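Student: Chain residues, written in single-letter form:
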Amino acid sequence: MLQISGTNRLGIIAAVLIGLALALPNLFYSRVEQHNDAIAMIESSGETPELIEQKGLWPDWLPSGLVNLGLDLRGGAHLLAEVEVEQVYADRMDAFWPELRDALREERETIGTIRRTDTNDGTLRIRISNADQMARAMEIARGFANPVVSLTGIGHNDIEVSASGDTLIVGLSDAEKLATDDRTVQQSLEIIRRRVDEVGTREPTIQRQGTNRIIIQVPGIGSAQELKDLIGTTAKLTFHPVVNRTSDPQANPGARNILASSADPQDAGIYYILEQTPTVTGEDLADAQPSVDQNGLPAVSFRFNPSGARKFGTYTTENVGALFAIKLDEEVISAATIREPITGGSGIISGNFSTQSASELSVLLRAGALPAEMNFLQERTIGPELGQDSIDAGTIACIVAFAAVLIFMALSYGLFGIFANVALIINVGLIFGLLSLIGATLTLPGIAGIVLTIGMAVDANVLVFERIREELKTAKGPSRAISLGYEKALSAIVDANITTFITAVILFALGSGPVRGFAITLGLGIITSVFTAIFVTRLLVITWFDARRPKTIEV
Amino acid sequence: MRLKLVPSETKIDFFNRWRLWLGISAVMILVSLASFGLQGLNFGIDFIGGTTIRTESTTDIDVAVYREAIAPLELGDVSITEVFDPNFADDQHVAQLRIQTQEGAEAAASTMIADVTAALQAVDPALTVQAVESVGPEVSGELIWTATLAVVLAIAAVLVYIWMRFEWQFALGAVAALVHDVVLTIGVFSELQIRFDLAIIAALLTIVGYSLNDTVVVFDRVRENLRKYKKREFKEVLNLSINETLSRTVMTSVTTLLALFSLYFLGGDVIRGFVFAMIWGVVVGTYSSIFVASTVLLWLGVTRDWSKKEDPAGTQFGNIDA
Chain W
19 MLQISGTNRL GIIAAVLIGL ALALPNLFYS RVEQHNDAIA MIESSGETPE LIEQKGLWPD
79 WLPSGLVNLG LDLRGGAHLL AEVEVEQVYA DRMDAFWPEL RDALREERET IGTIRRTDTN
139 DGTLRIRISN ADQMARAMEI ARGFANPVVS LTGIGHNDIE VSASGDTLIV GLSDAEKLAT
199 DDRTVQQSLE IIRRRVDEVG TREPTIQRQG TNRIIIQVPG IGSAQELKDL IGTTAKLTFH
259 PVVNRTSDPQ ANPGARNILA SSADPQDAGI YYILEQTPTV TGEDLADAQP SVDQNGLPAV
319 SFRFNPSGAR KFGTYTTENV GALFAIKLDE EVISAATIRE PITGGSGIIS GNFSTQSASE
379 LSVLLRAGAL PAEMNFLQER TIGPELGQDS IDAGTIACIV AFAAVLIFMA LSYGLFGIFA
439 NVALIINVGL IFGLLSLIGA TLTLPGIAGI VLTIGMAVDA NVLVFERIRE ELKTAKGPSR
499 AISLGYEKAL SAIVDANITT FITAVILFAL GSGPVRGFAI TLGLGIITSV FTAIFVTRLL
559 VITWFDARRP KTIEV
Chain E
1087 MRLKLVPSET KIDFFNRWRL WLGISAVMIL VSLASFGLQG LNFGIDFIGG TTIRTESTTD
1147 IDVAVYREAI APLELGDVSI TEVFDPNFAD DQHVAQLRIQ TQEGAEAAAS TMIADVTAAL
1207 QAVDPALTVQ AVESVGPEVS GELIWTATLA VVLAIAAVLV YIWMRFEWQF ALGAVAALVH
1267 DVVLTIGVFS ELQIRFDLAI IAALLTIVGY SLNDTVVVFD RVRENLRKYK KREFKEVLNL
1327 SINETLSRTV MTSVTTLLAL FSLYFLGGDV IRGFVFAMIW GVVVGTYSSI FVASTVLLWL
1387 GVTRDWSKKE DPAGTQFGNI DA
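Here the protein sequences line up with chains W and E, keeping their order. Under the working numbering, residues 19 to 573 are what the first sequence spells out, in order. Under the working numbering, residues 1087 to 1408 are what the second sequence spells out, in order.
The hints are simulated quantities; they were obtained by calculation from the structure and are not laboratory data. None of these values were measured; they are calculated from a predicted model. Check the hints yourself; a few may be wrong.
BS3-like cross-link-like pairs, simulated, lysine-lysine; straight-line CA separation at most 25 Å [stated by the list, open to error]:
no. : chain 1 : residue 1 : chain 2 : residue 2
1   : W       : Lys494    : E       : Lys1090
2   : E       : Lys1321   : W       : Lys494
3   : E       : Lys1316   : E       : Lys1090
4   : W       : Lys491    : E       : Lys1097
Quick look at which bits of chain W chain E covers, simulated, 3 or more residues with Cβ under 8 Å [stated by the list, open to error]:
no. : segment
5   : 467-478
6   : 510-518
Counterexamples of contact, computed for chain E against chain W with all Cβ distances above 10 Å [claimed, not checked]:
no. : residue
7   : Phe1100
8   : Gly1123
9   : Leu1124
10  : Gln1125
11  : Leu1127
12  : Glu1142
13  : Glu1154
14  : Pro1211
15  : Val1215
16  : Glu1219
17  : Ala1240
18  : Glu1253
19  : Leu1343
20  : Ser1348
21  : Phe1360
22  : Gly1387
Beta carbons are placed, not taken as given, at the ideal position from N, Cα and C, and that holds for glycine.
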């Protein structure tokens, strides 16, 4: 059985060559990285001689996939954010209120007067004066129900109507809440991606995790705080009519009004009483750019889309002389008197901006508002120096571990040890090839996984060699001993590696972040080490044996 | 001339003193459990929440000065340790601060990090912040849960796999060895109060995988020898199998330890705890696959009428190519 068929030989050699070719770009990391960046740049913004030169640093016909370096190696920031999905329920109800109000008012004859009461549980509560006509009120409200548009919500309506005493309660149904949650998180994900892209950092990872969480990893950013400033602001821009100004933070704004503080330090202690329902919102913005106001101070200019322009035009025409405020999240950033109708659909926000804050705000406004606030559950910042230190230390440890194992194997098994060493070198090449192929991210624990694999990869070879030694003792010919050695060691190799592989899979499935990186390299290492031990070393041994035909062998 | 760590033929009686070995293991397990029960693990922020800040400076670090500098911030429980590593340059002084979760803060009160940095830079202008990590209480609770689940699942999966491939006695033997290794590793972490974070869980699972690797190789040989020597006493077969695989067991442990030690000394301080867990695990795992797994198997005994059932389900890999 000391034969490997020609096709198998070719297959083994081809697999090794492909694997090594895939690993090759990693040896010229910065060169290939420039090449890849240049290609991306040319695609997005056209060719320049400089970019073509950078592109030429690496031949196009060679593979150019690289192992991504994780945050702990490159430096950068990581955030785990939870989207406060419940906030959207209240927004939905606020938007629904005018419609429902008008419908209920039409039936004033039967149900009497209506009044909305304040709640904070994301429902609409409406008191009606003729409580005995509740059934009619509920019927009207139910008339607005629509079927839920989602796979799991089929057969359910989007709103739930109930009553308690003289209060009509309208809220989102559970099915609609689920569907809304999903949309909210998707939307948040999209907006975070836009905001991060606007800043132009490379290769950010923005992923959804679980039902309402988002992982954001941005290499190269200075700190998690910077990242939080960028994505943590909801940036909900709204235009409100001003009811009054006050200096009392405890002032009662009255029904359907809200109290908002001023963001301008010159107006410290000033509070605005605003109508709760905004005239126009940031959703109607078509564009926002940093600019300067008539006094030459930094400001943000904006342009509405047609529907926003119409709403704003109508309002300003009807309310010349009135005061209106621009509110960003919870604070009024600018308040001004309407001097003349603004029908052009564009305007300028002049507040207390610096050049930087004006440009930040325009980025946020362009990317759009987050549908809900975010709560940061976990954050990590790794400085680039620490990352470089870790790469250096990891590389040295890898090389030393490698050298130690190579020497030890050669001393223990002589020529066969050298065969195992060749296989081990190929093995590490293959791990990098596979990592590049699947675009995996290498982390510090991942490097530890590779070093561990170097130590354990020889195990399969050791099992075979020890077995050949044993078979040689029973005085069979060398050819028979080699073939028996491979045959009999196989079940131990397979069982031992499958069990380790099971733990790697569990680690991958349940682990997060760095632990996953470790699981990936460990798992790939098991696959490549079994492949190299069973096929590559065997090919080497058999080729050597066929060429020499030794009468005796020593393992 | 070959380097041989184990003579080519050994006839060590591994069960001669099995009471002693099991006794040692039992005592170590008790010590581990007692240590875990009495002082508990030194959990990292992954599991209890809080913030760690890693600082670096070119001037010497005085922990007391640092402590004094941030005292006015009233952050509650703060631990400050200086980190030493042979790879550091002479003027590279690294400190690690661990701050408990702040009241009412979801992850890190970002102002808190800025305040701490400012306070420290006031006493040492050369100081820079190298890394910050913050974990909120909600996530840390989940992390403990998934970590425990991972270890339990791994052990259960292995139990099932070995049961399928061997017999239930083998599975129990292997799992006894695994539990032994996991308990002793947790024990050493609690006794030495080494920081126990998420990476250590990864190390624990690797230990599970490694220890199993060893155990399976021995068991595979036991299975083979049971068929080969149908007349011999079970204890003798076990002993023979361990002796036959001893050279391999030692070889693999040595190559793995070579790799791990180079990582321990040269891989930097960030992963040192992780590597320590693995080194300990490899040593304990090698020991347990010989002394614990096999002894448990000896106790349980096996049904040996394998001559009748040439059941391919249990031996499918054994017969490949044969």
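Student: Indicate, hint by hint, whether the structure satisfies it.
Tutor: Structure-based check of each hint:
1. Lys494/W <-> Lys1090/E: Between Lys494/W and Lys1090/E the Cα gap is close to 22 Å, so the pair holds against 25 Å.
2. Lys1321/E <-> Lys494/W: 28 Å, violated
3. Lys1316/E <-> Lys1090/E: 31 Å, violated
4. Lys491/W <-> Lys1097/E: 16 Å, holds
5. 467-478: With 7 residues in contact (Cβ-Cβ under 8 Å with chain E), the coverage given for the segment 467-478 of chain W holds.
6. 510-518: holds (count 8)
7. Phe1100: Correct as stated: the minimum Cβ-Cβ distance to chain W is 18 Å, above 10 Å.
8. Gly1123: 26 Å, holds
9. Leu1124: Answer for Leu1124/E: holds, closest chain W Cβ roughly 28 Å.
10. Gln1125: 26 Å, holds
11. Leu1127: Its Cβ never comes within 10 Å of chain W, the nearest being 17 Å, so this holds.
12. Glu1142: Given that some Cβ of chain W is not farther than 10 Å from that of Glu1142/E, nearest at about 8 Å, it is violated.
13. Glu1154: Non-interface label stands for Glu1154/E: nearest chain W Cβ at 25 Å, farther than 10 Å.
14. Pro1211: 17 Å, holds
15. Val1215: Answer for Val1215/E: violated, closest chain W Cβ roughly 7 Å.
16. Glu1219: At about 4 Å from chain W, Glu1219/E fails to clear the 10 Å cut-off, so the statement is violated.
17. Ala1240: 5 Å, violated
18. Glu1253: Glu1253/E is indeed farther than 10 Å from all Cβ atoms of chain W, at 13 Å.
19. Leu1343: Given that some Cβ of chain W is not farther than 10 Å from that of Leu1343/E, nearest at about 7 Å, it is violated.
20. Ser1348: At about 4 Å from chain W, Ser1348/E fails to clear the 10 Å cut-off, so the statement is violated.
21. Phe1360: Contrary to the label, Phe1360/E does not stay out of reach of chain W, its closest Cβ about 6 Å off (not over 10 Å).
22. Gly1387: Given a closest Cβ separation of 21 Å, the condition holds.
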